[in-house]
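Same order as they appear, the protein sequences are chains A and B.
Using this note's numbering, the letters of the first sequence map in sequence onto residues 47 to 227.
Using this note's numbering, the letters of the second sequence map in sequence onto residues 47 to 227.
Hint data in this document are derived by calculation from the structure and do not stem from the laboratory.
Treat each hint with caution, since some may be false.
No copy labels: a pair is met if it fits in one copy or bridges any two.
[Unchecked claim] Derived lysine to aspartate or glutamate pairs resembling EDC-like cross-links, with alpha carbons at most 16 angstroms apart:
id : residue 1 : residue 2
1  : K48       : D130
2  : K53       : D71
3  : K53       : D114
4  : K176      : D71
5  : K102      : E197
6  : K53       : E72
7  : K124      : D183
8  : K124      : E192
9  : K102      : E222
10 : K115      : E197
11 : K53       : E99
12 : K87       : D114
13 : K115      : E148
14 : K124      : E196
15 : K176      : E141
16 : K48       : E186
17 : K201      : E51
18 : K124      : E140
19 : K115      : E51
20 : K102      : D130
21 : K201      : D130
22 : K176      : E186
23 : K115      : E52
For clarity, every value in this text was computed on a predicted model and none was experimentally measured.
2 protein chains.
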Amino acid sequence: MKHLEEKTIASRTLFEGRVVRLQVDEVLLPNGNTSTREIIKHPGAVCVMAVTEEGKLILVRQYRKAMDKVTLEIPAGKLNPGEDPAACALRELEEETGLVAEGLDPVIAFYTAPGFTDERIHFFRARGLKRGTFRPDEDEFVERVELTLEECREKIKSGEICDAKTVMAVWLREMEEAGLR
Amino acid sequence: MKHLEEKTIASRTLFEGRVVRLQVDEVLLPNGNTSTREIIKHPGAVCVMAVTEEGKLILVRQYRKAMDKVTLEIPAGKLNPGEDPAACALRELEEETGLVAEGLDPVIAFYTAPGFTDERIHFFRARGLKRGTFRPDEDEFVERVELTLEECREKIKSGEICDAKTVMAVWLREMEEAGLR
Numbered sequence: 047m048k049h050l051e052e053k054t055i056a057s058r059t060l061f062e063g064r065v066v067r068l069q070v071d072e073v074l075l076p077n078g079n080t081s082t083r084e085i086i087k088h089p090g091a092v093c094v095m096a097v098t099e100e101g102k103l104i105l106v107r108q109y110r111k112a113m114d115k116v117t118l119e120i121p122a123g124k125l126n127p128g129e130d131p132a133a134c135a136l137r138e139l140e141e142e143t144g145l146v147a148e149g150l151d152p153v154i155a156f157y158t159a160p161g162f163t164d165e166r167i168h169f170f171r172a173r174g175l176k177r178g179t180f181r182p183d184e185d186e187f188v189e190r191v192e193l194t195l196e197e198c199r200e201k202i203k204s205g206e207i208c209d210a211k212t213v214m215a216v217w218l219r220e221m222e223e224a225g226l227r
Numbered sequence: 047m048k049h050l051e052e053k054t055i056a057s058r059t060l061f062e063g064r065v066v067r068l069q070v071d072e073v074l075l076p077n078g079n080t081s082t083r084e085i086i087k088h089p090g091a092v093c094v095m096a097v098t099e100e101g102k103l104i105l106v107r108q109y110r111k112a113m114d115k116v117t118l119e120i121p122a123g124k125l126n127p128g129e130d131p132a133a134c135a136l137r138e139l140e141e142e143t144g145l146v147a148e149g150l151d152p153v154i155a156f157y158t159a160p161g162f163t164d165e166r167i168h169f170f171r172a173r174g175l176k177r178g179t180f181r182p183d184e185d186e187f188v189e190r191v192e193l194t195l196e197e198c199r200e201k202i203k204s205g206e207i208c209d210a211k212t213v214m215a216v217w218l219r220e221m222e223e224a225g226l227r
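Okay, chain A solo, but in the shape it has when bound:
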């Protein structure tokens, strides 16, 4: 695949934040031209699809500043440096929902927006939910919501479920209920 690759000529970090790092690279293209690439470096994240015994999907209602919108998303969070994704997922699930999973099955890991960021989300399916301790971070404001598959479909239509990982969780539930997974 070498004929498709771009070579880095120069790389500048223009911003180093708490969450993202902005890097602008000058690259040599396969045809000899040069171009620039705007890249958002991200530590990576996890998300958890957790389903109650009654078949309801666990969601978190929260405000998202980037979109200026209150959303319903499956529990998720950023990886700490060097943190094991499964340990992170268990932690985030309990912090945001007060639920503890007996175990986690890895479903898939995916890049969220390969055109401009290296953010990769590790997607887990929780097994055996038990009551734990709801303890969001001091400056985190979240509410737990439990929805049937039909209610999830309605929330996709109404736009409250509106992000990739959560749509994926709903589709996965759909496949599970149909016996496809």
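Put chain B on the given structure of chain A with help from the hints.
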């Protein structure tokens, strides 16, 4: 949902690029504390799930600088200012694969990474593929690939299919083949 919202106290644009704009906002949290939000503003994008008469999914092989990786993704591209998403999707499909769709059905629109960006992808399903003109942008290097569902599953395992929108397309194919959609 007002009790979850954050109020903007100040907003600074730190970088204005060709693709992204970096904005750092100071916000007032529901508990009266202040915090900062690092936000990547993005014009939005489209992607197209196109399936041949033989049931093969149309993919594009390309190099992604953000991940330093050659990937297989469904055809996609950024929206031009004011551009109609369906028109953009038809254009990107033809440019990147040389295929023209008779029509497009909207499947869903989703935010890719709500924690830090407002990027939203409009996901379409193509109808009636015909041969058009393969004409990638001068500095765009892409190859068309057609894969069966089974081959797509293998490419997910091998990591060549590795981004959210393309995994979603494979899952949707799986649901279509099972008669769920």
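Here's how the hints hold up against the structure:
| no. | hint | verdict |
| --- | --- | --- |
| 1 | K48 / D130 | neither (32 angstroms within a copy, 35 angstroms between copies) |
| 2 | K53 / D71 | within (10 angstroms within a copy, 34 angstroms between copies) |
| 3 | K53 / D114 | between (37 angstroms within a copy, 10 angstroms between copies) |
| 4 | K176 / D71 | neither (47 angstroms within a copy, 38 angstroms between copies) |
| 5 | K102 / E197 | within (9 angstroms within a copy, 32 angstroms between copies) |
| 6 | K53 / E72 | within (8 angstroms within a copy, 37 angstroms between copies) |
| 7 | K124 / D183 | within (13 angstroms within a copy, 35 angstroms between copies) |
| 8 | K124 / E192 | neither (23 angstroms within a copy, 35 angstroms between copies) |
| 9 | K102 / E222 | within (12 angstroms within a copy, 24 angstroms between copies) |
| 10 | K115 / E197 | neither (19 angstroms within a copy, 38 angstroms between copies) |
| 11 | K53 / E99 | neither (51 angstroms within a copy, 38 angstroms between copies) |
| 12 | K87 / D114 | between (22 angstroms within a copy, 12 angstroms between copies) |
| 13 | K115 / E148 | neither (33 angstroms within a copy, 35 angstroms between copies) |
| 14 | K124 / E196 | neither (29 angstroms within a copy, 32 angstroms between copies) |
| 15 | K176 / E141 | within (13 angstroms within a copy, 51 angstroms between copies) |
| 16 | K48 / E186 | between (45 angstroms within a copy, 15 angstroms between copies) |
| 17 | K201 / E51 | neither (41 angstroms within a copy, 19 angstroms between copies) |
| 18 | K124 / E140 | within (14 angstroms within a copy, 37 angstroms between copies) |
| 19 | K115 / E51 | between (38 angstroms within a copy, 8 angstroms between copies) |
| 20 | K102 / D130 | neither (27 angstroms within a copy, 36 angstroms between copies) |
| 21 | K201 / D130 | neither (32 angstroms within a copy, 25 angstroms between copies) |
| 22 | K176 / E186 | neither (22 angstroms within a copy, 50 angstroms between copies) |
| 23 | K115 / E52 | between (37 angstroms within a copy, 10 angstroms between copies) |
This entry does not satisfy hints 1, 4, 8, 10, 11, 13, 14, 17, 20, 21, 22, going by the numbered hints stated previously.
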